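A.B. asks: Here is how the chains run, residue by residue.
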Amino acid sequence: MKRLFFLLSLTTVLAQAGVLEGARCIAPAKPGGGFDLTCQLARSALQEAGLTQVPLSIVYQPGGIGALAFKSAVTQRLTDSHAIVAFSSGSLLNLAQGRFGPYMSRDVRWIASLGLDYGVIAVRQDAPFKTLAQLVSALRETPNRIVFGAGGSIGSQDWMKAAMLARAAGVSHKVMRFVAFEGGGEALTALRGDHVQVLAGDAAEVARQIDQGAQVRVLAVLAAERLPGRWTQVPTAREQGFDIRWPIVRGLYVGPGVSDRDRNEWVDALTRAMSHSSLPRELARAGFQPAWMTGVELEALVNKQMVEYRQLAIEFGVSR
Amino acid sequence: MSWNWVRRASIRFRLLALLLPAMALVTAASLWLTRTDAVASANAAYDRSLLGAIKALDLNVSTASGGLSVELPYRLFEFFQLTATGNVYFRVATADSLVEIGNPDLPPPPSALRTGQPMFYDATYFGESVRVGAFMRPLEQRLNEGGEPQLVIQVAESTSSREQFTASFVRRAAVRDILLLVLMSLAVVMGLTVALRPMASLAVQTRARAPDDLRPLQTGDLPSDIRPLVDAINQQLERTNQLMAERRGFIDDASHQLRTPLTILRAQLDYVLREPDPVQRQLALEALSEELGNAIRATNQLLTLARTDAARPQRERFDLGDLAREVALELLPLARARGMDFGVDEQAEPLEAEGDRGMLQHALINIAHNAIQHGRPQGMVTLQVAADPLGFSLQVIDNGFGIDADVLNRLGQRFVKSRGSRGSGLGLAIANSVIERHAGRLRIEPAQAAGGLCVALWWPRS
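Those protein sequences? They're chains D and E, same order as listed. First residue of the first sequence? That's 1 in the numbering used here, and the numbers climb one at a time after it. First residue of the second sequence? That's 1 in the numbering used here, and the numbers climb one at a time after it.
Next up, chain E with everything else stripped away, as it sits in the complex:
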C-alpha cells in the first residue's frame, strides 16, 4: 500500500481525507450518545405511564373480605394498549405467589424488589421484548401467618412503541448529523479555497514574471505559514541574483580586460605592418611581444579569478615554509631583473598548515609579484610565514613607496590599482577571493620596520 498518492494530493484533499474520518467518528459518537439519551428519555416517559397503570391496578386491589381480589381495570388497559400500540400484560400476586392473577409467567425482576420502590426492566415475554414495571407494597391485612405479606404488581408493555419513538428520534438525529457533516465538508472546502487564495495568486504572480526578473517575491499579504517558504525562495533568488551579478561582472571584466590589450595589439601590429624600417619594426615587435605577454597574464589572472570564485577550496596539509620557498624560487628571476633583495624569513621548524595549497600559492605569488613590480628599485621584499593556535598567516613585507590612503581602502577590489601600475588590477582581488574562500582576511597596512607595506593573508584553523 503506497501512501504516495496522499502525499502528492492537494492540501484540500489531504485535509478532507484527514478531517472527514475524524468528523465521521465524532458524528457516530454523537449519534450513539443521542440514541442513549433517546432510549433513556423514552424509558423515563413510558415508564411513567407504566407506573400509572400499576397505581391504577393497586387502587383496585381489595382485601376487604379477608381475601385478595382485584377489579381489573379493563378500560384503562384498553386505553393503555391503544397508546402503547402493543400488548399490555399484568400480574398481581402475593410475594409468596399463593395468589396470582393475570399473566402468571411475567419475567421476575432482575434483582429483589424493595417495598414501595417501583422497578423497571427489560425482558422477553413469549418472544416479544417487553418493558416491565414492578412494584411491591405490604398488604394492609395479614392474609396468613407466615412471613410479611407483600403484594407485587407487575405491568408490562411491548417495547415496539418506545422503539419506534427512539428509532424515529435517532433517524432524525442521523439525518441532521449527516447534513451537518456534508455542510462542514463544504465549509472546509470553501474555507480552504479562500485560505489558499494567496498561494494561488502567488503562483499566478510568479508565473507571470519575466524570465530575468529576479526581484524578491511580494510577502506583504501572505499568511505567516507560507512566508518562510517565500522567504527561502527569496534568499535563493538573491543568491542567484548575486551570482548573476558576479557573472555579469566577470563578463564585463573579461571584455574590458581583453578588449584593451587586443586593441593595442591590433594597433601595434598595424604599425609593424606599415613600418618599412627593420630596426623600427624590431622595436615595435618587441613592444608587441611585451604587450602580448601582459594580455596573456591578464587572461590567466581573469580565468584564475573565475575559477577561484567558482571552485571549492580543497583542504590539504602542507608546510608553510615550503610554500614560501617555492614562491620565492618562482619569482627570483623577476626580482633579480629589478635588482631586489628578495627572500624568505626562514623558520627553525616546519609549520604545518591546512588549506588549498594551489590557491594559496597563487595568492602569495600575486602579492609578492605586486611587491616586486611596484617596489623601490634595489629595494627589499621579504616573505614571512607564521602559525598560532587560531590560524595561519602568509606575509609579504617591502620597503617600497607605500600606497595612497584612498587606494589602500579599496585594494583587493577588482581592477583597483595604484597610479602607474601596469598590472591588471586583479592580483590582489584574486588573493582576496582565495582568502575569503578560506574564511580568512586580507590585511594591508604600512610596514612599521621597513617603512613600506605589509600585506598579510590570514586564515583560521578549521
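Here chain D stands alone, though its shape is the one from the complex:
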C-alpha cells in the first residue's frame, strides 16, 4: 500500500516535472491531414505505453502547410518544451524553398521520425480514369480540363507530385491547373465535391478518408514497391510506367530554445512508446510504414532531404 502510494506519488512528481505533463501536439493544418495523423500517432503511442495520464492534446494551427507553426515555434514558443510540432517531408521541402521565411532546418530541434508515408494519386470513384496511364493521356490532351487539388500552394510537396505527373505526361507544370488547400483533408473534401478532379495526396490521409466513407479511387502509390496491408492491390506509379516516387517522412520537432534535457526527455519517451508492443497496430491505424529514427540519424536524413529538395525546387523553378 505504502509502496503503491510511493509509486503513484513518484509518477505524479515525474509527470509534473516532465515535458509530457500538459503537453500538446501542434498539427499545423486543419484536422484530417497527415499532421493530424502524426499527432494522433504520438498521442496514442504515448498513451498505450502508459507514459501520459492525460492524453496529449492536439492543437490545429493551419497556415501555409506548417509555415505559421514553424514561425511561431522559432519566434514565439522557442522555449516551450510542452509543445511538440508535427512535420513532414513537405515541411522540409517548403523550408528548402524558403517558404517558411528566412529560416533553415537547424533553426528547430528535430525530435524523431515516427513513420513513413507515401504520396498517392487519387480520383473520384466515378471518374473516367481507371489507371494512371488514362489520367496521363487525358492530361496530355486537355491539360486545362484537369484540376489538381492539393494541400499547399505551388512548390509544396503535393504540388510537386502533380508537377512530376505533368512532367511524365509531357505537359509543362506551368499550364497545369492547380488549387491549393490548407492541408490534404481540405483537398479531399474538394475532390469529393468535384471541385478538383485529381488529388495529389498522401496514403495515410486518403486511407483515413476512405475508411470514413469517401468515394475515392487511388490510381497509384508513389512508392518504389507496393505497400503492404490495404495497399497491396494498388499498383505503384513505377509499375504503370511512370517513375515517380514520393516518400514522406512524418515526425516531430520542438522549438530551438528547448533545453537538451527536455529534448532528451521527449526523445526517451517517444523511443519507449515507439518500441511498445502496440506500435504495429498504432502505425497501421495511422497508415504509416515504420521508419523510426532519431538523433544524428534523423539530422542526417533531414540534411540529405534538404539538399534533394533544393535541387528539385531549382528543377521546377519554384525556389524563392
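Derived from the structure by calculation, the hints contain no laboratory data. Model, not experiment: these values are computed from the prediction. We put the CB at the ideal spot given by N, CA and C, even for glycine. Mixed in with the good hints, there may be bad ones.
Claimed, not checked - Sample of chain D residues facing chain E (criterion: CB under 8 Å; computed from the structure): (1) Pro28; (2) Ile154; (3) Trp231.
As the list claims (entries may be wrong) - Chain E regions said to be covered by chain D (calculated; three or more residues, Cβ under 8 Å): (4) 97-108; (5) 336-345.
Got chain D sorted already, so can you dock chain E onto it with the hints?
C.D. replies: Chain E only, in chain D's frame:
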C-alpha cells in the same frame, strides 16, 4: 475620280449622299458609347457579386487557433458558378504569400492594393479572360513578427457571362440604331419630297405655259430659297418681254413707215401712167422722185434706229471739233438751198472725246437736219461742242419758231413730230437712242440768246 455625277445628281440624292455617312458616323459613335456604357454597367453589376463572394470568403477566414484557415464556401461557389455561367477562381493568401489557399497563380492586381478597398481588374488566367476582384485587409492577429500582416482575397470569374450580357445589349442597340438610321433616311426622302413639291409644281406650271406667255412666274407660295432663282428668271422674262415689245414696235413702225410712202408712190405711179400730158407727167414724176427720196431716207433712218437699239457702242477717241465740221460740211448744201446761216462755233484747241463716233455723228446730223429743215428761212443754225471733267456735249442752236410745249415734252419718242413736219419722226428718236447708249441725255430747251431751240447731246466720261 469624277465628281460630276454627284453634281448632276438630284438634290434628294445629294442630301442623302451627304447625310447618310454623317448619320452613320453618329450612329457608330453612339454605338461605341453604348458599348462603353454597357461594359461599365455590366462590370458594376457583376463586380458587386464578385465583391459578395469576396465578403463571403472573408467571413470564413478564421485565425482563432493562431493559424489561418478558410472554410471554403463551396455552396456559394456553385451558386455563383451557375449565375456566372463560367468558371470561378479564388485565392486567399497573406500578403507575403506564406499562406496561400485556392488558385495560387491568379493574376496579381495591376497596382498595389489598398487596405479595405476592393479592386477589380481584367486579366487572363489559363488563356481565359477573367475579371478579378481583389480585397486586402489587416489580420486581427499577428501571425508572425515580420511586417504588417495583411490578408488578400481574390475572386475571379470568367467574363463570358458579362460579355454575353454586353454583346446582347450592344446587339439590341445596333438593331435599334440601324432601324433609326433607315427611318431617318426614309424621313429625309419623304421630307424632301414634300419640301421640293413647290419646285415640282413650278416646273409643271412653267412647262404648261403657252410659248408666247412671258408673264412673270408666280412666286406666291415658293420657299424663300428658290425665290431668288425665280426672281432672276422673271427679270430675264421681263427683259425678253421688253425686247419683244421693241421688236414688235419696230415691226409696227416699219410697216407703218414703209406702207404709207409705198401707197403714195403707188398712187403717184398710177397717176403718171394714166397722165397723157408730158408736162403733167414730168411734174408728177418729180413729185414721185421726191417721195421716193423720203421713203429711202425713212427706211435708212428706221434701219439705223434698229441697229442703234441692237448694237453696242464702240468706244473710241476722236476730236469733237472734227466731228462737228464733218457734219456741217455734209449738211451745207441743204442749208444753202434754204438760204441759212449754218456754221460751227470753232474752238481754239482740239477737244478729245470718247464714244462711238459713227453713232454720235449720225445723231448730230439728225438734230442739225431737223433744225435746218424746220428753221426759219434765212435763219441761223450753229453747232457747238464742249467738254468738261464730267463729260462731253454736242449742241445745235437755232433761231427758229421754237416748239409747242406739249410736243417738246414728247420729243425724242418715235414718230413724234411737229405739225407741218415732213420728216419721219425718227430723227430725234435715233439721237435719243444713241445718247442713251452712251449713258447720256438728250436735252431740248428754248435757246435763250437766239430765241429758238437748243438741242444738246450730253454724255459722261467713262
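A.B. asks: Hints first: check each against the structure and report whether it holds.
C.D. replies: Going down the list of hints, with the structure as the test:
no.: 1; hint: Pro28; result: 7 Å, holds
no.: 2; hint: Ile154; result: 5 Å, holds
no.: 3; hint: Trp231; result: 29 Å, violated
no.: 4; hint: 97-108; result: holds (count 9)
no.: 5; hint: 336-345; result: violated (count 0)
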